[in-house]
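Q: Take a look at the letters that make up each chain.
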Amino acid sequence: QKEVEQNSGPLSVPEGAIASLNCTYSDRGSQSFFWYRQYSGKSPELIMSIYSNGDKEDGRFTAQLNKASQYVSLLIRDSQPSDSATYLCAVDSRGSTLGRLYFGRGTQLTVWP
Amino acid sequence: KAGVTQTPRYLIKTRGQQVTLSCSPISGHRSVSWYQQTPGQGLQFLFEYFSETQRNKGNFPGRFSGRQFSNSRSEMNVSTLELGDSALYLCASSEKGGALFLNTEAFFGQGTRLTVV
Numbered sequence: 001q002k003e004v005e006q007n008s009g010p011l012s013v014p015e016g017a018i019a020s021l022n023c024t025y026s027d028r029g030s031q032s033f034f035w036y037r038q039y040s041g042k043s044p045e046l047i048m049s050i051y052s053n054g055d056k057e058d059g060r061f062t063a064q065l066n067k068a069s070q071y072v073s074l075l076i077r078d079s080q081p082s083d084s085a086t087y088l089c090a091v092d093s094r095g096s097t098l099g100r101l102y103f104g105r106g107t108q109l110t111v112w113p
Numbered sequence: 001k002a003g004v005t006q007t008p009r010y011l012i013k014t015r016g017q018q019v020t021l022s023c024s025p026i027s028g029h030r031s032v033s034w035y036q037q038t039p040g041q042g043l044q045f046l047f048e049y050f051s052e053t054q055r056n057k058g059n060f061p062g063r064f065s066g067r068q069f070s071n072s073r074s075e076m077n078v079s080t081l082e083l084g085d086s087a088l089y090l091c092a093s094s095e096k097g098g099a100l101f102l103n104t105e106a107f108f109g110q111g112t113r114l115t116v117v
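Protein sequence lines, in the order shown, are assigned to chains D and L.
So for the first sequence, this note's numbering puts the first residue at 1; every next one is plus one.
So for the second sequence, this note's numbering puts the first residue at 1; every next one is plus one.
If you are wondering where the hints come from, they were derived from the structure by calculation, not from laboratory data.
Source: prediction; values computed, not measured.
Check before you lean on any hint, since a few could be wrong.
Unchecked claim - Label pairs and their calculated CB-CB ranges:
1) L/S51 x D/S69: 29 to 37 Å
2) D/A68 x L/R113: 35 to 43 Å
3) L/R73 x D/K67: 29 to 37 Å
By construction, the Cβ of each residue, glycine as well, lies at the ideal position given by its N, Cα and C atoms.
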């Protein structure tokens, strides 16, 4: 059973702080890693994808990947109240389940003014 | 480019009825996946279709079925509805190109909220 684990949260940070969201995965063959943001009552929205070890930055968001440790994280700098949402980590699969994404349960982030 | 379109947005059905949900993927995307989301269980994978073939299936009873048409549009059907089927049903589309399937970014539709009473 391929698993994706996220820090359970909820995570609460003040406005302007750095929010750090973590995710580990069990399938060493995974090649693609994604972060989705889901506001309450809405569908998940893709905010970051990362395929290679290291950091990938997009505006206030930085995704970090370490395949050796099977670890992927998302940093949100200068957090804003509008960042308050549930963040889902997703990992692709290879082999017999090629084409399927595995999702973590999500980490709920609250940014307070 | 239009996004993923799911219809209807909301449905209320009674136990024992059946329901069909529709998903139109992003133009050019050949993979469509379906998920069930409930507060207690998170995102649960139902099935994935690629070029009209079911390639992956989650751990749901046979009452849940789906299909994909030649234009990549997909439908899922739930027969003999139970109260526990009340959930947000999400469809995600993805462009699967090349031998290595490197681009697997999946984009979600707005979902269909099904309430079974």
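Q: A separate judgement is required for each hint: does it hold in the structure or not?
A: Now for the hints, and whether the structure bears them out:
1. L/S51 x D/S69: 29 to 37 Å: 36 Å, holds
2. D/A68 x L/R113: 35 to 43 Å: 41 Å, holds
3. L/R73 x D/K67: 29 to 37 Å: 36 Å, holds
Checked against the numbered hints given earlier, the structure satisfies every one of them.
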